[in-house]
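Colleague: Protein sequence lines, in the order shown, are assigned to chains A and B. Residues in the first sequence are numbered from 1 upward in steps of one, following my numbering. Residues in the second sequence are numbered from 1 upward in steps of one, following my numbering.
I should point out that these hints are in silico values taken from the structure, not numbers from a laboratory. Please note: incorrect hints may appear among the correct ones.
Listing some non-contacts, in silico: residues in chain A with all C-beta distances to chain B over 10 Å [stated by the list, open to error]:
(1) Val13
(2) Asn22
(3) Ala24
(4) Pro44
(5) Asn67
(6) Val70
(7) Gln76
(8) Gln81
(9) Asp84
(10) Ser85
(11) Ala91
(12) Arg93
(13) Leu101
(14) Val102
(15) Leu110
With a cut-off of at most 30 Å between alpha-carbon atoms, the simulated DSS-like pairs for lysine-lysine come out as follows [said to hold, decoys possible]:
(16) Lys42/A with Lys71/B
(17) Lys71/A with Lys100/A
(18) Lys56/A with Lys53/B
(19) Lys3/B with Lys42/A
(20) Lys55/B with Lys37/A
(21) Lys18/B with Lys3/B
(22) Lys70/B with Lys42/A
Glycine included, C-beta positions come from ideal geometry on N, C-alpha and C.
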Amino acid sequence: GESVGLHLPTLSVQEGDNSIINCAYSNSASDYFIWYKQESGKGPQFIIDIRSNMDKRQGQRVTVLLNKTVKHLSLQIAATQPGDSAVYFCAERIDTGFQKLVFGTGTRLLVSP
Amino acid sequence: DVKVTQSSRYLVKRTGEKVFLECVQDMDHENMFWYRQDPGLGLRLIYFSYDVKMKEKGDIPEGYSVSREKKERFSLILESASTNQTSMYLCASRTPGRGNTEAFFGQGTRLTVV
Numbered sequence: 001g002e003s004v005g006l007h008l009p010t011l012s013v014q015e016g017d018n019s020i021i022n023c024a025y026s027n028s029a030s031d032y033f034i035w036y037k038q039e040s041g042k043g044p045q046f047i048i049d050i051r052s053n054m055d056k057r058q059g060q061r062v063t064v065l066l067n068k069t070v071k072h073l074s075l076q077i078a079a080t081q082p083g084d085s086a087v088y089f090c091a092e093r094i095d096t097g098f099q100k101l102v103f104g105t106g107t108r109l110l111v112s113p
Numbered sequence: 001d002v003k004v005t006q007s008s009r010y011l012v013k014r015t016g017e018k019v020f021l022e023c024v025q026d027m028d029h030e031n032m033f034w035y036r037q038d039p040g041l042g043l044r045l046i047y048f049s050y051d052v053k054m055k056e057k058g059d060i061p062e063g064y065s066v067s068r069e070k071k072e073r074f075s076l077i078l079e080s081a082s083t084n085q086t087s088m089y090l091c092a093s094r095t096p097g098r099g100n101t102e103a104f105f106g107q108g109t110r111l112t113v114v
């Protein structure tokens, strides 16, 4: 079925630490996996994506890893800052003629100074 | 600056009322989406539209309908509001494309049905 789940609902880190947010997915037909960040009172905002035929993609302070063998996706944030505090959603793009995004349940990242 | 605007931040409606949630985007995007967001359940797709007057059911369409008469506007309609439709509603838009996964979201409408 189409479902995207998260291992941890809340992650607390200290400022300056690296953060790792995990996500499990079930749909093998997804062609892209995406991470979104939602700050309080705002809609989700795109962070980074990775194509299903890739293992790793790096952005600015963020790295996404994809392990298709175990259907696992992770978002690594380097040198976490208080401004990174938000809810993070993984999502998968499913293309059945119409491209739609299926979101996970979200992980709250709390960064303390 | 790209923008997706939802007409209301907060709404309180009575059970049985017909409710309209409006969303407007200024990016000339073909695709538009309506999600609801509930704690512990993430974002669930209600309906999406891939072009004007075109619509597809998402994962939880029951109790909802949509309208897309113009490209920039996508309306979500609760035919007869019920308390279990109390939720945060998020509208999004995007341009379809092979390598394009970015969707732009509005700020959300928090609907309370009493």
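Colleague: Take the hints in turn and mark each one as holding or not.
Modeller: Hints, one by one, checked against the model:
1. Val13/A, annotated as away from the interface, keeps every beta carbon of chain B farther than 10 Å; the closest lies near 21 Å.
2. Listed as outside the interface, Asn22/A is consistent with that label: its C-beta sits roughly 15 Å from the nearest C-beta of chain B, beyond the 10 Å cut-off.
3. For Ala24/A, the non-interface assignment is confirmed: its Cβ lies about 13 Å from the closest Cβ of chain B, beyond the 10 Å cut-off.
4. Consistency note on Pro44/A: stated as away from chain B, yet its beta-carbon is not over 10 Å from all of that chain's, at 5 Å minimum.
5. Interface exclusion of Asn67/A from chain B stands, the closest Cβ pair being 19 Å apart, more than 10 Å.
6. Every C-beta of chain B lies more than 10 Å from that of Val70/A, the closest at about 21 Å, which supports listing it as non-interface.
7. With a least CB separation of 19 Å from chain B, Gln76/A remains clear of the 10 Å interface cut-off, as annotated.
8. Under the 10 Å C-beta cut-off, the non-interface status given to Gln81/A relative to chain B holds; the minimum distance is some 22 Å.
9. In this structure Asp84/A is separated from chain B by more than 10 Å, as the shortest Cβ-Cβ distance comes to about 18 Å.
10. Once the 10 Å rule is applied to beta carbons, Ser85/A is consistent with being away from chain B; the minimum gap is 17 Å.
11. Residue-level check failed: Ala91/A sits 8 Å from the nearest beta carbon of chain B, not beyond 10 Å.
12. Remark: the non-interface label on Arg93/A conflicts with the geometry, its nearest Cβ contact in chain B lying 5 Å away (cut-off 10 Å).
13. Non-interface call for Leu101/A relative to chain B: violated, since the shortest CB-CB distance, roughly 6 Å, does not exceed 10 Å.
14. At the 10 Å boundary, the C-beta of Val102/A falls inside the reach of chain B, the nearest C-beta of that chain being 7 Å off.
15. Non-interface status of Leu110/A relative to chain B is upheld: no Cβ of that chain comes within 10 Å, the nearest being about 16 Å off.
16. For the hint linking Lys42/A to Lys71/B, the alpha-carbon distance of about 24 Å falls within 30 Å, and the restraint holds.
17. The suggested pairing of Lys71/A with Lys100/A holds, with an alpha-carbon distance near 19 Å, which does not exceed 30 Å.
18. Restraint check for Lys56/A and Lys53/B: the C-alpha separation of about 39 Å exceeds 30 Å, so the hint is violated.
19. In summary, the hint linking Lys3/B to Lys42/A is supported, as the alpha carbons are separated by about 12 Å, within the 30 Å threshold.
20. Note on Lys55/B and Lys37/A: the hinted pairing holds, with a Cα-Cα distance of about 27 Å set against a maximum of 30 Å.
21. For the given pair, Lys18/B sits about 27 Å from Lys3/B by alpha-carbon distance, which is consistent with the 30 Å threshold.
22. In summary, the hint linking Lys70/B to Lys42/A is supported, as the alpha carbons are separated by about 25 Å, within the 30 Å threshold.
Hint violations for this structure: numbers 4, 11, 12, 13, 14 and 18, all remaining hints satisfied.
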